[in-house]
Amino acid sequence: MSVHRSQIRIIADVLSVIRDYDLSNDGIGVSIILRKANVSYSRLTKILSDLVRLGLLEELEQKRGSKYRISKKGEEFLKAYSKFEEFASSYGLRL
Amino acid sequence: MDFVPLLWGLLFFLGAYVGSSIGYVSLRGYKTVGSPSLLKMGFAFILIGLSFVMKYFSRIFSTGPGTLGYMSSEFYLTASILQVSGLFFLALSHFSKAMYERKKLPLMTLIPLAGLTFTLNSISFYLIIYIMAETIYSYLRMKRRGILLVILGLFLLALGQVLEWLTLFYPQFAPYAISSLVVDVLGLGVLVLPTIRFVNNGGVNVGP
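Chains as they are written, first to last, in this note's numbering: chain A, 41 to 135; chain Y, 727 to 934.
Among these hints, one or two may not hold up.
Said to hold, decoys possible - Residues of chain A clear of chain Y, computed beta-carbon distances all greater than 12 Å:
hint	residue
1	S64
2	N65
3	S71
4	Y81
5	T85
6	V92
7	E99
8	E101
9	K123
10	E126
What the hints assert, rightly or not - Below 20 Å or equal to it, Euclidean Cα-Cα: the simulated EDC-like pairs (lysine to aspartate or glutamate) are:
hint	chain 1	residue 1	chain 2	residue 2
11	Y	K757	A	E116
12	Y	K869	A	E126
13	A	K76	A	D53
14	A	K103	A	E126
15	A	K119	A	D60
16	A	K76	A	D66
17	A	K107	A	D90
18	Y	K757	A	E126
19	A	K107	A	D53
20	A	K119	A	E101
21	A	K113	A	D53
22	Y	K757	A	E115
23	A	K119	A	D53
24	Y	K757	A	D90
25	A	K76	A	E99
Claimed, not checked - Chain A stretches covered by chain Y per the calculated footprint, using a threshold of three residues with CB under 8 Å from any CB of chain Y:
hint	segment
26	115 to 121
27	128 to 134
These are calculated hints, taken from the structure and not from any lab test.
If you're wondering where the values come from, they're calculated on a predicted model, not measured in any experiment.
Built from N, CA and C at the ideal position, the CB exists for glycine as well.
Okay, chain A solo, but in the shape it has when bound:
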């Protein structure tokens, strides 16, 4: 069954992908995030710029495009998200 994701869930998925796949901590490119987070390009670029503006991601300028790295604030957000997701699901709700 395909489950529709809420906007906040998509944001958490994007942050999780960046945290989990950026093993060398030098950022990952948009193509990997696109593939793993399963989001359209136009939507992803909007989300990435919002997350950089909010300080949850760091943008690393490259010769060709940019790479993204999760910030400390982003990691804290993911931790809080996972806690509150558990809280909501104990009431049978989804974030």
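Start from chain A and add chain Y according to the hints.
Quick look at chain Y alone, frame taken from chain A:
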């Protein structure tokens, strides 16, 4: 010394405290992660908590003469409106979840009853049943044992509503009105358990 008024006061206080505690944690969650579901849940429980405060005032004024006695029914009406609004927000958070996942459960037809208070109580009852059905569905999907506690809490709230109906329809049940409040507070007491577990695990202090 008559302990009954003290017991009433204590139960109303517990209801208000428990309702607003769940609401507070949910609103903290909304502030931290920005989830609309937590916002709706927060509003729902804060309003339910406030409805206990209004019911308390209604109880206090019920013994007063003339205008004060009239104010008692005004407070009771306000409490019913707050409770219905709270349950509406809770149902709404389940409704939007269901909208993403599958077709909604059919909304039940309301039987029109004479009097606004009766109608509001009926709406409350139907909303609790709807929320309970959605929660049972969530349990079947997620298989989390904690959800069973929420179902039990909702069942007690529904039972409390039925008992409240009896006292409204049949005056001979009026002396047993406290039992409806006891069941309501027990229901909320069960509903607060996941919140207590969450707070004990340091859940409220997380976030950027």
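Consistency of the hints with the structure:
1. Chain Y leaves S64(A) outside its interface by the beta-carbon criterion, the shortest separation being 24 Å against a cut-off of 12 Å.
2. Every beta carbon of chain Y lies more than 12 Å from that of N65(A), the smallest distance being close to 19 Å; the non-interface claim holds.
3. With a cut of 12 Å on Cβ distances, S71(A) stays outside the contact zone with chain Y, its closest approach being about 27 Å.
4. Residue placement check: Y81(A) keeps its beta carbon more than 12 Å from all beta carbons of chain Y (closest about 23 Å).
5. No Cβ of chain Y comes within 12 Å of the Cβ of T85(A); the nearest lies about 20 Å off, and the non-interface call holds.
6. Every CB of chain Y lies more than 12 Å from the CB of V92(A), the least distance being 14 Å, so the non-interface label holds.
7. Non-interface status of E99(A) relative to chain Y is upheld: no Cβ of that chain comes within 12 Å, the nearest being about 18 Å off.
8. In this structure E101(A) is separated from chain Y by more than 12 Å, as the shortest Cβ-Cβ distance comes to about 24 Å.
9. Taking the minimum C-beta to C-beta distance to chain Y, about 5 Å, the non-interface status of K123(A) is violated against the 12 Å cut.
10. For E126(A), the non-interface assignment is contradicted: its Cβ lies about 7 Å from the closest Cβ of chain Y, within the 12 Å cut-off.
11. For the hint pairing K757(Y) with E116(A), the CA-to-CA distance comes to about 14 Å; that is within 20 Å, so the pair holds.
12. Of the pairs offered as hints, the one joining K869(Y) and E126(A) holds, with about 13 Å between alpha carbons and a cut-off of 20 Å not exceeded.
13. The suggested pairing of K76(A) with D53(A) holds, with an alpha-carbon distance near 9 Å, which does not exceed 20 Å.
14. For the given pair, K103(A) sits about 41 Å from E126(A) by alpha-carbon distance, which is inconsistent with the 20 Å threshold.
15. The hinted pair formed by K119(A) and D60(A) meets the criterion: a straight-line CA distance of about 13 Å does not exceed 20 Å.
16. Restraint check for K76(A) and D66(A): the C-alpha separation of about 18 Å stays at or below 20 Å, so the hint holds.
17. For the given pair, K107(A) sits about 15 Å from D90(A) by alpha-carbon distance, which is consistent with the 20 Å threshold.
18. Taking the CA atoms of K757(Y) and E126(A), the gap is near 16 Å; set against the 20 Å cutoff, the hint holds.
19. This hinted pair checks out: K107(A) and D53(A) have alpha carbons roughly 17 Å apart, not beyond 20 Å.
20. A threshold of 20 Å between alpha carbons decides the hint, and for K119(A) with E101(A) the separation of about 27 Å lies outside it, so the pair is violated.
21. Taking the CA atoms of K113(A) and D53(A), the gap is near 16 Å; set against the 20 Å cutoff, the hint holds.
22. For the hint pairing K757(Y) with E115(A), the CA-to-CA distance comes to about 16 Å; that is within 20 Å, so the pair holds.
23. Proposed proximity of K119(A) and D53(A) is supported: the alpha carbons are some 12 Å apart, at most 20 Å.
24. Distance restraint check for K757(Y) and D90(A): the Cα-Cα separation of roughly 17 Å lies within the 20 Å cut-off, and the hinted pair is therefore satisfied.
25. A C-alpha spacing of about 19 Å is found between K76(A) and E99(A), which places the hinted pair at or below 20 Å, so the restraint holds.
26. Requiring three or more residues with a Cβ within less than 8 Å of a Cβ of chain Y, the coverage given for the segment 115 to 121 of chain A holds, as 5 such residues are present.
27. Given a C-beta distance limit of less than 8 Å, the hint that chain Y covers the segment 128 to 134 of chain A holds, as 7 residues qualify and 3 suffice.
The earlier numbered hints that this structure contradicts are 9, 10, 14, 20.
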